[in-house]
Each structure stands twice: as structure tokens, then as C-alpha cells.
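First to last, the sequence lines map onto chains A and B. Going by the numbering used here, the residue at position 35 of the first sequence is 35; the numbering climbs one at a time, nothing skipped. For any residue, its number in the numbering used here is found by taking its place in the second sequence, counting from 1, and adding 321.
Please keep in mind that the hints were generated in silico from the structure rather than gathered at the bench. Where a beta carbon is used, it is the ideal one built from N, C-alpha and C, also for glycine. One should not assume that every hint holds.
[To be verified] Selected chain B positions facing chain A (in silico; Cβ < 8 Å):
hint, residue
1, 439
2, 440
3, 447
4, 448
5, 455
6, 457
7, 566
8, 609
9, 611
10, 612
11, 618
12, 619
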Amino acid sequence: MSAVSSSGWLYGAIQRRRNRGLGGLYLVVAAFLILYAVLFPGILSVGGFSKFTQNWFPLALVTMAQALLMLNGGITLAIGPLVSLGAVIAATTMDGMFGVPGGILAVALTGLAIGTVIGAIVAHLRLPAIIVTLAGSFIITGVALILLPRPGGFIPDWLSNTLAGHTPVAFLLLVVVLLLWKAFLATPLGLGIYAAGDNPVGAFRSGVPVERAKIAAFALSGLLTALAGLFVAAQTGSGDPVIGAPFTLNSIAAAVLGGVGFLGGKGTMRGAICGSLLLSVMINVMFFLGFPPVAQYVAQGLIIVGAVAVPELLKSWRARR
Amino acid sequence: MNAVKTIFRNPPLLTFVLVALVWLVASFTLRGFGAYGHLRYLLELAAVIGIAAAGQTLVILMGGIDLSVGAVITVTAILLPLISPAWDPTGLVGIALALSIATGIGVLNGAGAAYLRVPPIIMTLAMATFLQGLLVIVAGGSAVTVSNPAVILLGQSRPLGVPSGVLLWLAVSAVVLILIHRMPIGARFLAIGANPLAARLSGVSLPRNTLILYALSGFFAGLAGILVLGMNRQGYVGIGDPYLLTSIAAVVLGGTSILGGRGTYAGTIPGAILLVTTTALITVVNASPGWRSIMFGTLILALLLVSGREARR
Numbered sequence: 001m002s003a004v005s006s007s008g009w010l011y012g013a014i015q016r017r018r019n020r021g022l023g024g025l026y027l028v029v030a031a032f033l034i035l036y037a038v039l040f041p042g043i044l045s046v047g048g049f050s051k052f053t054q055n056w057f058p059l060a061l062v063t064m065a066q067a068l069l070m071l072n073g074g075i076t077l078a079i080g081p082l083v084s085l086g087a088v089i090a091a092t093t094m095d096g097m098f099g100v101p102g103g104i105l106a107v108a109l110t111g112l113a114i115g116t117v118i119g120a121i122v123a124h125l126r127l128p129a130i131i132v133t134l135a136g137s138f139i140i141t142g143v144a145l146i147l148l149p150r151p152g153g154f155i156p157d158w159l160s161n162t163l164a165g166h167t168p169v170a171f172l173l174l175v176v177v178l179l180l181w182k183a184f185l186a187t188p189l190g191l192g193i194y195a196a197g198d199n200p201v202g203a204f205r206s207g208v209p210v211e212r213a214k215i216a217a218f219a220l221s222g223l224l225t226a227l228a229g230l231f232v233a234a235q236t237g238s239g240d241p242v243i244g245a246p247f248t249l250n251s252i253a254a255a256v257l258g259g260v261g262f263l264g265g266k267g268t269m270r271g272a273i274c275g276s277l278l279l280s281v282m283i284n285v286m287f288f289l290g291f292p293p294v295a296q297y298v299a300q301g302l303i304i305v306g307a308v309a310v311p312e313l314l315k316s317w318r319a320r321r
Numbered sequence: 322m323n324a325v326k327t328i329f330r331n332p333p334l335l336t337f338v339l340v341a342l343v344w345l346v347a348s349f350t351l352r353g354f355g356a357y358g359h360l361r362y363l364l365e366l367a368a369v370i371g372i373a374a375a376g377q378t379l380v381i382l383m384g385g386i387d388l389s390v391g392a393v394i395t396v397t398a399i400l401l402p403l404i405s406p407a408w409d410p411t412g413l414v415g416i417a418l419a420l421s422i423a424t425g426i427g428v429l430n431g432a433g434a435a436y437l438r439v440p441p442i443i444m445t446l447a448m449a450t451f452l453q454g455l456l457v458i459v460a461g462g463s464a465v466t467v468s469n470p471a472v473i474l475l476g477q478s479r480p481l482g483v484p485s486g487v488l489l490w491l492a493v494s495a496v497v498l499i500l501i502h503r504m505p506i507g508a509r510f511l512a513i514g515a516n517p518l519a520a521r522l523s524g525v526s527l528p529r530n531t532l533i534l535y536a537l538s539g540f541f542a543g544l545a546g547i548l549v550l551g552m553n554r555q556g557y558v559g560i561g562d563p564y565l566l567t568s569i570a571a572v573v574l575g576g577t578s579i580l581g582g583r584g585t586y587a588g589t590i591p592g593a594i595l596l597v598t599t600t601a602l603i604t605v606v607n608a609s610p611g612w613r614s615i616m617f618g619t620l621i622l623a624l625l626l627v628s629g630r631e632a633r634r
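All chains, please: the whole structure from these sequences, using the hints.
Here is the structure:
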């Protein structure tokens, strides 16, 4: 009896610690969404909402992929190339023998396989994740360029219309992905990913297979990233070997905006999702206000630094008082 | 047997032996590889990576990372021809201006990391994004040709048969090695990298040293940018991009821990030469850009397996 209540108390304390600072983030996101709805009331219609969530969906997926690794104490710089590869594979396999299901399966398996290989290299050969994924990004870019040297390929119209049409299918898919993530977190392996990131030695002594958890984190991250590529291909109606490039920085930025730390174990997935929503709203606003793409780079650099710096400054200001 | 063990325990030496082996094998198997002119050319290319990696080594030793190296090189290479004043026949004023801009960018990186508490990886990545946009707005995205005499002299002249870029690299190497291993400030960098809390409690000022380090990284990246500009005689958007990965890879290949606190610039030097040699070997094999990219990534991974492994935890 007492064991149960004390573990409940511990759980509550840990949850409180993890959720610290999220309240402010929710407020900022809500404020931005309200501002957005005031500026562009179109978002309140079904079509507008669908388009908005479609722009957000791939960023949300890659942010999950990045946050998953950062929570585990890793990082990946291969997000962009893997999104491109997912898009390229989708565009080159869907007119093949097995049609759309075969294409989706090929993308998913590629993502899983690449993630597993990177994870195995990082976990078993003990190379730093940042440099392995940086080298991996060159290999993945090369494969994408060989498969499809210039933009093209084929995506069936009905798939594009289903995923990126005037219905909020993308939003429903995101809800499904989040529910699956919650279910995965309830498994020992899912919890192990967090535990191994927070305290590898402690997790190992408590019976968490730390290396397997790390490989699983990389594999899942690869799967999510490749699927984001599939969605991007459906959105644009074709494959493009370099379309994913902006996603690397954006995935890290969104995760950090959402309060996920670099050293593992610090942060939550809901925070990361909120971070990606915030970033997506900012990018949309800049687009609609008619910023040229180049000015978007400038603004994005400033916003990311500001968004990370302001909470830190507030915290130290509060501590000093 | 003992000698082999010593080599494997000493990453800089291991990387150096690796370079020597690759050069020997390639000289015997590929025609023209071992020619003096070709090896000199390789060293000249390695000088750019080596100088850019000098700043990167310092930053990584302190436990940070600088992902804006490529952008700073591009900024210097494009801005230098634009800001070199016409009244200055030597071109040194332009160089000084460009270097101070590069150093200024580094200071901004350091200020963000030290005072705004932005993680260095985010700060420098955001800086790179920011500069990328700013450059296209300022320079309009077209290539600029350099007419600055000092820059051309640096990129093209060969006093006593040695390219001046290589001489510059030698000077930079000497300065950086003395800085790390013979000066108190180098000991402070290493202390911060090994254990920031212990360093702070021992009276090492974190913000001050962070600022100095990122300023140095910006300065060396700017120097590499000037050298690249002199060798190419043209600056364009994207000229510095290849040097981001190579500067980090050279550091890691040289046995410096990416987590900081352990390593030396003496390993980065052979690391840079090894990278250039690898790229040269890939160019010999006539392949499409896709295959070249795959080979480059695979070779870096393979080289890392030999010499870049983290100690077992």
C-alpha cells in the first residue's frame, strides 16, 4: 500500500518537473493561433483548417522524430535528406507493380531500415550521433539523387487529394500518430527511451536495455521522417531529391521551442508538438504577409534565437529577484 | 607489438599513419597521384579545411560546436570583394574589414551562447540560416570576382615552391597549438570542456571564454574564406557549404572528443589532409554526383570507425 502511494508521489513530482514551463508555451501558442485567426479568418473554415494542418503535419512528424532522439540523448542531422528520400521513393514506387500500398510499405521500410542502421552504429560502435547522422545525410542524399536525379516521378491524384485535399485527413492522421505514441510510451521499451536519455547508467541498472532502446529510438525516428517525406510527395504531387532540406533545422528548432533539451530526458513530446505548431504558425504568417523566401530565412534565424533565449532570460531574471 | 599499441592509443599519430599509408598506396596504384605537384595541390586544399577546423577544434574542445563555419566562409568570400576600398593598393584594408566582420559574427555566436543561454548548436545553426538569407539580400545571389591584390597573392603565389596558403596554415597551426597547450587560456578551454561546473567553481569565467572561443572560430573561418576566395578568384553563394561537415569531420578524425575536454589540434592537421585525400580519390573514380556523395559519407564513416571512436563509457 505504502509502496503504491510513494511511487504515485514520485510519479507526480517527476511529471510536475517535466511539465514546468509548458503552461507558458501553451499560452504563447494560443495567443499566436488567435492572432492568426484574426488576421486570416479563413482558417476557421474546413478547407482553411485542412490546409493549415497540412502545412503543419510534416513538420509535426519530423519534430516528433527529432524530439524522440533528443529525449534519448541523441540528435539527428539527417532529417532533411531522409524526408527527401521518402518523397523520392514514394514517387518512384507508386506506379510500380504493388501500387500505392507497395509504395507506402517501401517508404516505411526504408525509414525503419536507415534508422536502425544509424542507431546500431551509434549504439554499438559508440560513434557520436551528430557526426554519424551528418555523414549519413551525405549517403542518403546520394541515394535520393541516384533514384531520381531531378524532380519528377508519379503520385496518384486520388492520394494527393485524400491527404492534401479539402478535408482534414492530415489532422486526423496526426491524432492517430499521437495516440500510437501514447500507447508506445506505455510499453517498457517506450518508457526505456526516456529513461535511457535521462540517466543511462541508472536505466541500465534498472534493467532497461539501453542500447536496444537507443536503436529503437533511431528506427522510429527514421520511420516518422520517411513518412513525412511520403506526405510531402503527396502534397507536391511529385518527388524531389532536395525538397527536405529545410526540415533539419526546423525539426531541431521546433523541438527546442517546445522545451526539449539536448542532453536527454529533459522535455516532453507534447511540448515538442506545441513547438512545431508555433513554428508552423510563424512560417505561415510570414508566407501570407508576402515575405520573400530569403527574408523568411533571416526572420526564422532571429525567431529561433529569440524563442530559445527569452524563456532563459526570464528564468534567470526571476531567479535573481 | 608495443609500438602498434602506442599508435592506437594516440589518435593524432594514428591519423597521421593512416594518411601516410593512403598516400603510399595511392602513389603506387594511381598514376600521377604521387607527383609533387599533385601532393602540393592536396596540401593547398587541406589548408582551407585545416584553417576552418582550427576554430572548430577550439570550440569543440570547450564542448560546443560551430555550425556557422560554412556560412561565415561564404560571407567573407562574397563580402570581401564588395567592401575592399578602391583607394587601397595593397588590399590589406579589405582583408582587415572582412576578418573583423567574420570575428564579429563569431562574437555574436558567443554572446548568444553565453548571455542568452541558447545552446551553441541552435545558435550557430540559426546564425547560418540568418546569414544565408542576409547574403542573398545584400549580394543579390550572383558571383563576385576578386581584384584585391593581397587576396590573389595569398591564393596564387608560391614562395620557394610552397603555396602561401600552406604557409598560412603552418602559422595558424603553430599559433593554435601554442594557444591550447602552452598558454593558461588553453588550459581554461579544456577545463570548461571537461567539466563546466568544476571550471566555473575554480574561477574560470564561462561567458568570457565562450565569447573568446566563438570569436576565434569566426576569425579562422573568415581566414579560410579569404584563402578560398584567393584560390578560386570568385566568391558565390554556397562556396563555404562543403567546409561545414569537413571541418567537424577533420576534428573528430583527429581524435578530439565531440563532447569536449579531450583532444588536440595536432590530430586535426592530419585529419584535414586525410579528408582531402579521400575526396581526391573519389574524384578519380568517375562517378555521378549521387555516387560521389554516397562514397564521401561512407568513407567518413569508415575513417571514423578507425580513429574517431569515443572512449567506452
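Against the structure, the hints:
1. 439: 5 Å, holds
2. 440: 5 Å, holds
3. 447: Hint holds; residue 447/B Cβ to chain A Cβ min 4 Å, cut 8 Å.
4. 448: 7 Å, holds
5. 455: Check passed: Cβ of residue 455/B comes within 6 Å of chain A, closer than 8 Å.
6. 457: Hint holds; residue 457/B Cβ to chain A Cβ min 5 Å, cut 8 Å.
7. 566: Holds, about 6 Å.
8. 609: 7 Å, holds
9. 611: With a closest approach of 3 Å, the residue 611/B hint holds.
10. 612: Because about 6 Å separates residue 612/B from the closest Cβ in chain A, which is inside the 8 Å limit, the hint holds.
11. 618: 3 Å, holds
12. 619: This hint holds: residue 619/B lies near chain A, its Cβ roughly 6 Å from the closest one there, short of 8 Å.
Violated hints: none; the structure is consistent with every hint.
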